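*Asks:* Taken in order, these protein sequences are the chains called A and B.
Each residue of the first sequence is one higher than the one before, counting from 865 in my numbering.
Each residue of the second sequence is one higher than the one before, counting from 11 in my numbering.
To be clear, the hints were calculated from the coordinates, so they are not data collected in a lab.
Just so we're clear, the structure is a prediction, and the values are computed from it rather than from any experiment.
Positions of the beta carbon are idealized from the N, C-alpha and C atoms, including for glycine.
There's no promise every hint is true.
In silico contact screen, one side only, chain A against chain B (beta carbon under 7 Å); selected entries [to be verified]:
(1) V1049
(2) L1125
(3) E1176
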Amino acid sequence: MTGARPSAALQPPADTRRIGRIRSETISTAAIFALTIILILASRFVSPALGSWDQVDTIITLASFLIVVAFGQGLVILVGGLDLSIASMITLGGVLATTWNGSLGSEWVLIPAVLLTCACVGALNAVGVIWLNIPPFIMTMASGIMVASAALGYTSGTPRGAAPDVFLALMKGSVGSVSAVLIFVLIFVLLAWGLQSATAFGRRLYAVGANREAARIAGVTTWRPIMAAYAISAICAGFAGMMLVGYANGATLRMGDSYLLPSIASVVIGGSSILGGRGSFAATVGGAILLTTLGTVISALGMDQGWRTVIEGAIIVGALLILREDLVARLRNRSAG
Amino acid sequence: MSASADAAAASVPGSNLGVAIRRGLTDGAGVVAILYVILFTLYALWDRSALTVSGVTNLSNNAAPLALAAAGESLVVISKGFDLSVSGIVSLSNVLMATYPVEGPGGALVSLMICLGVGGAIGVLNGILVAVLRLQSIAATLGTMIMGQGLALVIMDAPGGTIADWVSYTLTDVLFGIIPISGLIVLAVVALWLIFRRTDTCLGVFAVGADETAASLSGISVVRARFAAFVGAGLLYGLAGFMLSVQTATGNPTAGTPFLMLTFAAVALGGVSLTGGRGSLVGAVIGAATLMLLQKVLFSGGVSSFYTGIFQGAVMVLAIVFGSLISRLASTEPRA
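Let's have the full structure, built from the sequences with the hints guiding it.
*Replies:* This is the structure:
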C-alpha cells in the first residue's frame, strides 16, 4: 500500500504538530473566554443587576478558589492522573488554618506549616500512584476519605477558631478601588501559567504525561514531575481552603465538597486531555470562570442546586465529545498530510 | 494451609487438586473468602448474637446493596474500565422509590422495574459514550455520575420520604424462618453470573479487558463486549439502589455517595484486577461482604465512628497492593 506512493515516502511532510497544537489551544482559550463574556452580557436579560462591573468582580472573587484548585488538578491531569482528594484537602487547609491559628505564634509560621502538611499528603498520593501502581483516582479517593475522617476526628465534628488575618485581608480587603483578591488572581494566574508553559519543569510535566516511557528514555527522572504535580495540587487545595476560611471567616467540614467536581470540569472544558500530556492553564482559568458565571446565572434564574449539578455533568460529557471530534479531525489531517 | 497446598502441588507436578487449590488462592476470591471467615470468627467471638438468625440476616441486609453494586462494577473493571456512575444511579433509584412508594408485591415489582430502568438507561448511556464513542471511561462516567446525582437532587432536595412498608418489611425478612431474602437476591445474581460466564459475550468481556487489540483481531466485537459490561453494571447498580432503599426505608439524595469508594475497594479486595481481564463477580461480592463486616468488627471493637474513614481508606489501598502482589505471584510462577 505504501509502496504505491513512493514520493510521499521519500519526502516526509513538514512537522506541523507543534504549530497545530498551539493554534488549537489558542482557539479553544479564546472561544471559552468569548463564551464567558457573552454569558455575562446575556445575563443582563435574566436580571438587570447582573452584567455590571460589580458582578464581574464578584464572579472573579467566587472563581478565585476554583482557579487555584484547578491549577493543581490540571497539573495532576497533565501527568495522566486525577486528584479526587481535593475536597478533603481544601477542608484540611481550612480546618488546620483555623485550629492552629494563634497557637503557632506568627501567621508566617502557620501558613507554611499548613501547606507543608498538605504537600505531605500529596506526596503520599504520588507514592501510591508511582510505586504501588494504584490507579490515581482510587489512591486519591482513598486518601481523601482518610483525610476527611482525620479532620472529622481531629475537630470532633465542629471546627473552631477564626481565620488568619492575612486571608481576611486577602478576601475582604482592597487596594485602591480594586479588590485585593482580583490582584491576587492575576498574579497567581501569571505565575502558574509561566510555571506550566515556560519552564523546564513544565515541559517535563508535558513529556511525562504524553508518554512516560519516552520521557524516561529522553532522560527525565519520571517520578519527580509526577510527585511534584500531586504535591502542588494538594498545596493549591490547602491554600484555597485558607482562602475560603478568609472569605467565610471560619471552617466547616464539608467546605471543600463543592469544588472537587468543578475543578475537574474546568480542566476538561479548558480542552486539556483527560489522558494527560495536553492542555493549557489559560484555558482552564477560562473554564473556571465560565463555570462560576454559569453558576451565578443559574442561581439568579431561581433554579436549584440539582439542575446546576446536572448541567455541570452535561458540560463535562459535552466537552469530552467535542474534544473527541477535534482529536479525530487532527488524526485525519495527520494521516492525510 | 496454603503452604502445605503449595508443597503438595510442587511435589506432584500436574496434580489436579494442587492446581485447583492454587488457582483458587491466586484467583483472589479464595483469599478474600478466607479473610471473611477469619473476620467472621473474630466478630462472633466478640458478639455472640452474630450466630443467630437475626444476626446473620442483619449482616446480609447490610452487605446486599454494596455486594450488588460491587458485582456490577466488577463487570466493567474486568472489561478494563472504571464506572463511577454507581453513586449517581444508587442515589437516583433511592430517591425515586422514596418519592413514589407503591405498596404490596405488585408495588415491589413496579419499584424494582423503575430502579432497573434507571440503572439500565444510564448504563446504556455509559455504553454509548465509552464503547461506541470511545471516550475514556473515568471521564465519561464521571459526567453521568454528576448528572445522576443532580437529577436525584432535583427530585428530592433534602433527605425525606418513605419506602412502602410492605416492600421494606418483606424484603429485609427471612424466608422459612432461616434464609435472609436479601442474601437470596445476591445469590440469584451470582447464579446469573455463573450462567453468563458460559456465554460468548462474557468471554468477549474478559478478552477485551485482557488485550483489546488481540480480542478485536480474533473477531470479538469490542463494542458489544464493552456495551454489555456497562449495561449489566447499570442494571446491577439499580438493583443495589433498590436493596439500599429497602434497607434504609427512607430517601436521601446523597445515599449513593459512599458507594463510589466502597465498590472499588470491594472489587479490589475481591481479587478483580484493576488493569482488566481477570477476576470474578463472586470475588467482588465476597469483597463487599468483607468490607461491611469489617465495619461491624471495628464498631464492636470500640473504634470511634469518626475514624471509620481512615480504616476504609487504608483497607482499600492495602487491598489493591495485596491484590496486585497476588497476581504478580500468579504470573511469575511456572505453569504446573
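*Asks:* If a hint holds in the structure, say so; if it does not, say that too.
*Replies:* Results of checking the hints against the structure:
Against a cut-off of 7 Å between C-beta atoms, the interface hint on V1049 of chain A is violated, since the closest Cβ of chain B lies about 26 Å away. Hint on L1125 of chain A holds. Least Cβ distance to chain B is approximately 6 Å, under the 7 Å limit. A least Cβ separation of about 6 Å between E1176 of chain A and chain B falls short of the 7 Å threshold, and the interface hint therefore holds.
Hint check: a violation occurs at hint 1 only; the rest are consistent with the structure.
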